[in-house]
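**Q** Sequence:
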Amino acid sequence: MKQLIPASILACLSIASSASAADQANGKQLIDTHCYKCHGTEIYTRPDRRVTSLPGLTSRYNAVS
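In terms of mature numbering (1 follows the signal peptide of the UniProt record, and there is no 0), the sequence shown is residues -21 to -1, 1 to 44.
Simulated from the structure, these hints should not be mistaken for lab results.
Computed beta-carbon distance windows for the label pairs:
hint : residue 1 : residue 2 : range
1    : ALA(-1)   : ASN41     : 28 to 36 Å
2    : LEU33     : ALA1      : 29 to 37 Å
3    : SER32     : GLN8      : 27 to 35 Å
4    : LEU33     : GLN8      : 28 to 36 Å
5    : LEU9      : ASN41     : 18 to 26 Å
6    : ILE10     : THR31     : 16 to 24 Å
7    : LYS7      : PRO34     : 28 to 36 Å
8    : ILE10     : LEU36     : 16 to 24 Å
9    : SER38     : CYS14     : 16 to 24 Å
10   : TYR23     : ALA(-1)   : 16 to 24 Å
11   : TYR23     : ASP2      : 15 to 23 Å
12   : GLY19     : ARG39     : 16 to 24 Å
13   : LYS7      : LEU36     : 19 to 27 Å
Even for Gly, the Cβ is constructed at its ideal location relative to N, Cα and C.
Full structure from sequences and hints, please.
**A** This is the structure:
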């Protein structure tokens, strides 16, 4: 039984690792298709990129939708 636990943990970690790689590839494709088509990389480096309050989040959400 003691040998089963580390094997189970290792199996879970390897599954999570492969899922993460697939998510990153999918995310890159989505960004390349939907974001970089109109915006450059400045969307990740501009000073006001972080939302710091609920009203700020609400206004950013309303601007997009």
